[in-house]
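If you read the protein sequences in the order shown, they are chains G and X.
In terms of the working numbering, the first sequence has 593 at position 593, counting the first letter as 1, and numbering is strictly consecutive.
In terms of the working numbering, the second sequence has 184 at position 184, counting the first letter as 1, and numbering is strictly consecutive.
Hints in this document: simulated from the structure, not taken from any laboratory.
Where a beta carbon is used, it is the ideal one built from N, C-alpha and C, also for glycine.
Keep in mind that the hints are not guaranteed to be accurate.
[Claimed, not checked] Now the in silico label distances, taken between C-beta atoms and shown as ranges: (1) G:Ile583 with X:Lys274: 17 to 25 Å; (2) G:Glu309 with X:Glu336: 56 to 64 Å; (3) G:Val629 with X:Asp161: 57 to 65 Å; (4) X:Glu322 with G:Ser241: 27 to 35 Å; (5) X:Asp162 with G:Ile583: 49 to 57 Å; (6) G:Glu488 with X:Tyr319: 22 to 30 Å.
[Claimed, not checked] Derived lysine-lysine pairs resembling BS3-like cross-links, with alpha carbons at most 27 Å apart: (7) G:Lys430 with X:Lys192; (8) X:Lys241 with G:Lys20; (9) G:Lys163 with G:Lys2.
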Amino acid sequence: MKISTEWLGEYVEIRESPQKLKDDLSMIGLLVEAVEEGESTSVLEVEVTSNRPDCLSHIGVAREVAALYRRPLRHPEKRETLRIEPDRIPYAIEVRDAGLCPRYTALVMDGIRVGESPGWMQKRLRAAGMRPLNNIVDITNYVLLEMGHPLHAFDYDILRGGKIVVSKARQGDRMATLDGIRRELDAEMLLINDAEGPVAIAGVMGGLESEISPTTTRVLLESAYFRPDSIRRTSKKLGLSTESSYRFERGADWDITVAALARVCRLVEDLAGGRIAGSMRDVYPKTMEPVRISLRKQSAAALIGVPMEREFIESTLCRLNFRLEESGPDSWNVTCPTYRADMELEADLIEEIARFYGYQNIPATLPPNRNMGRPSPVSRLENALRDILVGLGFHEAVNLSFADESDAEEFGTGQDERIGVRNPLTEDMKYMRTDLAPGLVRAAKRNFNYGRRTVRLFEIGKVYRAGPDGIPEERNILGILGTGGFTERNWKLPDAGFDFFHMKGVLETLLEGIRLRRCAIEPAGAVRWLNPAEAAALKIEDATCGLMGSLSAALEEKYKLRQPVYLAEIEFGALSGNAFEEIHFRSLPKYPFAERDLSIVVGRDLAWRKIQTCIADLDIAELASVALVDIYEGKKIPSGKLSMTLRLTFRDREKTLTVDRVQDFVDTVLSSLHKTYGAELRSL
Amino acid sequence: MPRSIEELKERFEREFASISGMEAWKSVRDTFLARDSGIITAEMKKLRELPKEERPAFGQAINRLRSTIENRLQERHDELKKAALAGLQSRLDVTRPGFPYALGSAHPIKRLQAEIERIFVNLGFEVFDLTEIEGDYYNFEALNMPRNHPARDAQDTFYFDDTLLLRTHCTSVDVHAMEGRKPPIRAVTTGKVYRRDPFDATHSPMFYQVDVVVIDEGITMGDMKGMLEVFLKQLFHPGIKMRLRPGFFPFVEPGAEVDISCIFCNGAGCPTCKHSGWIEILGAGMCHPKVLRMSGIDDSRYSGFAWGMGIDRVPMLKYGVEDIRLLFDNDLRFLEQF
Ligand SMILES: [Zn+2]
């Protein structure tokens with residue numbers, strides 16, 4: 001809302017600079033976003049919150065200023081009567097839906113000369129951001145900006161039957177509004193009709209036909225009160241928001257219709273030569289009562305947190321035009337001004353008291369704590385994963401939660417279970433993502449475009465799908481992407497590319513870090529977005545809770561990545577029950593360990609897991625660990641075979657191991673591997 | 001001196017001269033003095049093969065050589081030890097770059113999210129994990145925003161159907177906490193929220209929020225101010241100032257807008273704070289009696305406060321990130337700075 005200080009000064013004396021006014025108004029809840037210099041006035045850009053439609057006018061803001069600085073408010077001159085005897089022009093008002101239109105006030109004027117409005121009025125309209133049109137329309141707009149009440153002027157000679165009928169539309173009704181658009185109306189919309197059909201959409205916009213034209217000489221002026229929810233519904237449905245609908249839907253003042261009409265009437269007489277030709281009709285079948293609220297001094301003090309003086313409460317509310325009647329010691333029955341659409345409960349009055357007490361004057365205190373802090377289990381896991389990944393050189397990404405139509409086709413995941421918003425912002429944000437991989441791949445691609453070839457990213461976030469009973473499910477997923485070098489190029493180590501086993505190592509480190517030991521990484525079945533030769537699944541018992549591998553050749557090609565990209569996705573939400581296993585301390589061994597390296601030659605296709613299992617099956621209690629420390633293929637190794645060096649670590653917790661015992665163990669391991677898989681000792 | 005001894009002495013001197021460090025010293029010592037395989041021992045063994053009359057002279061010569069070698073080696077040993085202690089031995093070019101262990105980075109928002117949760121846990125809050133797909137009831141109705149409420153306009157919403165939507169704020173934590181708990185309640189939640197705003201420098205259809213709610217007997221606006229101050233000082237800087245202005249949110253009454261002193265100009269006025277010295281940082285207020293009642297809290301006995309803050313605003317303020325889109329672009333040149 002643009003407020004001209006020059007105009008404002010007509011209703012309340014202003015001694016403060018615009019800057020001071022800006023600061024002071026902001027501190028009572030009328031946020032002034034900016035002060036601009038207009039034609040011989042300053043213009044305050046006031047952000048009026050949706051609960052305060054009463055401040056959408058110069059008098060509305062003047063009321064606050066008057067209350068703030070304790071100055072009198074100067075209303076425009078009040079006019080005693082809007083009647084003539086007898087009416088020169090007969091007309092009738094019929095309100096068929098008093099529920100949606102509790103009050104309809106109107107009068108008819110003749111002798112109008114349509115022309116330009118005077119310069120001072122045009123200047124004020126422009127300062128408030130409105131374009132002057134002609135004196136009649138300008139006058140209704142002027143009074144809207146002055147008093148906050150929307151008014152409408154019809155060309156009386158266009159109205160058929162000299163009659164206004166306020167009623168809901170009939171299905172199929174159509175009319176062209178002032179903006180030249182032909183609109184379809186529905187049976188819930190409230191219309192202003194003449195004897196034959198619609199001439200305006202009540203409280204929203206007038207009709208094109210009954211618009212004031214240069215030849216208009218007689219007008220019917222409307223000053224009505226419409227129900228907020230009805231106007232809001234119509235405005236939404238039509239996608240049409242106007243100065244008028246904006247005020248009605250927030251709550252106009254039903255008690256001001258006559259005063260606003262009188263004000264318009266006086267201005268039309270003065271500026272357009274009009275005279276009353278048809279006396280005011282005020283169709284107001286059921287008197288609306290102002291809101292009454294009971295207020296206790298103690299409640300105000302208790303909610304604000306400072307002791308409150310009676311005198312302060314009374315004077316503050318009175319300055320804001322509330323009427324107080326004592327209902328007991330330190331309590332009142334408060335009658336609210338009819339323009340205060342936001343008043344309903346005691347807390348609403350307490351806010352008024354607090355506003356004028358000054359939020360800045362309320363001392364800060366701390367409530368006693370009676371609760372114990374509880375972190376979220378998901379956050380705990382998330383933070384642990386993040387810390388480890390950051391330490392391993394990964395950067396955390398955040399992608400939008402939306403997915404493109406093509407994600408499902410390309411990555412082939414969740415196509416059947418994905419869910420989409422009904423009103424997407426753009427087509428490529430139609431669905432909720434079912435995977436993190438597409439977002440990470442696109443992020444990698446973007447970084448490739450900036451010239452980076454080594455990219456390590458991770459994202460912790462939710463994916464979404466339709467649940468079995470149609471209720472959407474959200475799962476917490478960790479996605480990891482690694483591609484390019486294993487380290488930045490350096491002089492200590494030759495270049496090594498980030499590969500499958502780096503990614504696998506990352507996962508193993510994560511599992512170690514969150515103490516989840518019951519997890520295994522196994523070969524995976526077909527996964528559309530992974531290269532079948534390099535795909536693995538993360539399993540707890542038999543349940544798959546993650547996938548890893550290299551991006552499929554097709555996607556690598558499609559995104560023109562030109563280098564292998566390794567990905568992992570883990571549903572860590574599913575891990576949380578198993579993570580952070582209890583720590584059980586074992587006392588440190590008293591006897592030294594013995595290490596032996598065993599180099600064997602085996603068939604190329606023999607899986608390491610089989611060797612591990614074969615050794616584990618021997619149940620050698622003293623065998624503390626088996627590590628794979630070298631793999632060699634080439635010279636001196638028969639083709640189709642390779643050599644593996646196993647580092648066996650032995651330890652007896654009871655006594656020192658003898659050389660002979662260790663050799664026995666090694667021999668047992670070798671003979672078992674020989675018997676089961678034909679392993680031979682590698683000759684040097 | 002016998003000729004062979006003479007040659008040995010020359011050999012020793014040659015090898016001795018080339019001793020550059022302790023390793024080399026040991027190797028020279030072992031070459032000459034090792035008990036079983038040293039040259040001196042080998043020479044001693046030869047003694048027996050010599051004619052009797054030559055033995056004494058040869059024996060004396062070897063013993064002299066042995067003691068010379070021993071003395072010389074001892075001196076050299078002391079020198080080397082001294083040099084090692086003085087650190088004079090290092091010839092490493094320490095100016096070469098160290099090994100490039102990679103260090104990653106936490107996303108600035110996620111780091112703040114964790115930090116904020118930590119602050120509230122320390123203040124006695126329970127962290128709630130809530131879903132982003134929320135019912136209209138929790139997002140709007142139960143927060144005193146019935147259908148057709150004008151305040152819904154400011155939160156253009158993504159809908160799945162008539163009742164399910166992407167939450168537009170985290171304020172539904174108020175309702176979830178009240179439904180599941182009896183006062184005293186201290187609850188907080190953080191996470192993604194969505195509004196149907198096109199991308200620009202300050203708007204994104206997805207962003208992050210934190211919402212908190214406190215409900216107990218005798219909670220006042222002063223308590224809200226105190227708790228806000230503790231939180232904002234921990235999050236930004238102990239020296240920042242805070243101010244409350246009346247504001248409107250349908251789920252609170254009285255409502256407040258909270259400003260902090262501009263962290264760029266310290267309140268003096270600059271373009272970021274539009275020369276006001278203040279920056280709007282969050283919305284707060286005392287829980288609306290209707291909201292309390294709808295969720296089964298006796299509003300004649302309990303009162304409370306709630307507030308909500310955009311987390312995305314914080315890196316923009318704290319680190320001067322000028323465009324919200326950078327937060328969701330995953331550009332390493334951006335991420336590496338945090
Ligand atoms: Zn500033």
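### Task
Provide an ascending list of the numbers of those earlier hints which the structure does not satisfy.
1, 9
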